[in-house]
Amino acid sequence: MRPRTAPDYLAGYPPALAAQVRDLIGQERLAELLLRKYPQAHGVRTDKALYDYVQDIKGEFLRNAGQLSKVAFDSKLQVIQHALGTHTRIARVQGAKLKSKCEIRVATVFRDMPEAFLRMIVVHELAHIREREHDKAFYQLCCHMEPDYHQLEFDVRAYLCHLDATDRPLWSAAA
1 MRPRTAPDYL AGYPPALAAQ VRDLIGQERL AELLLRKYPQ AHGVRTDKAL YDYVQDIKGE
61 FLRNAGQLSK VAFDSKLQVI QHALGTHTRI ARVQGAKLKS KCEIRVATVF RDMPEAFLRM
121 IVVHELAHIR EREHDKAFYQ LCCHMEPDYH QLEFDVRAYL CHLDATDRPL WSAAA
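Position 43 of the sequence shown, counted from 1, bears residue number 43 in UniProt numbering, the numbering being contiguous throughout.
Within a straight-line C-alpha distance of at most 20 Å, the following computed SDA-like cross-link-like pairs (lysine to any residue) qualify:
1) Lys-136 with Leu-62
2) Lys-97 with Gly-66
3) Lys-76 with Arg-111
4) Lys-48 with Asp-112
5) Lys-101 with Glu-125
6) Lys-48 with Ser-75
7) Lys-70 with Cys-102
8) Lys-136 with Pro-147
Since the hints were made in silico from the structure, they are not lab data.
Required output: the full structure, derived from the provided sequences and hints.
Here you go:
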């Protein structure tokens with residue numbers, strides 16, 4: 001079996017920008033910058049609290065979208081699928097009715113991150129309810145729900161590079 005390679009979280013960014021992030025990690029300055037910008041972790045600890053958090057955002061921006069049947073933290077996401085969050089839509093025939101279920105799963109790594117990072121991943125997965133592909137309309141919807149979406153996505157990716165390189169989380173439940 002071939003060993004898995006760590007995902008390159010900055011693959012879509014210009015090489016010079018990715019090099020800057022790697023230099024900051026090497027100089028042990030990235031952690032300081034992120035902690036200054038995002039001083040503490042959020043308080044969403046349980047799946048129920050996450051469900052309520054997602055419902056609040058969905059209620060504000062996607063009121064007419066279908067009901068979410070499940071929202072949960074998932075410890076297997078990043079390891080198995082190299083994903084930070086997933087959305088699934090399942091349609092089943094029950095008698096004469098077509099029942100639809102929509103689920104959102106968020107990687108447990110987001111349990112110990114700032115609220116802005118959690119909001120970014122939740123907004124991303126909620127946007128998939130309306131827009132299935134990562135196209136212009138998808139990112140416009142993300143930016144409508146979270147105006148700083150692109151900056152937050154970059155900061156999350158930089159933090160994940162930090163985690164891969166140092167294996168030292170910056171925030172914890174006690175923070």
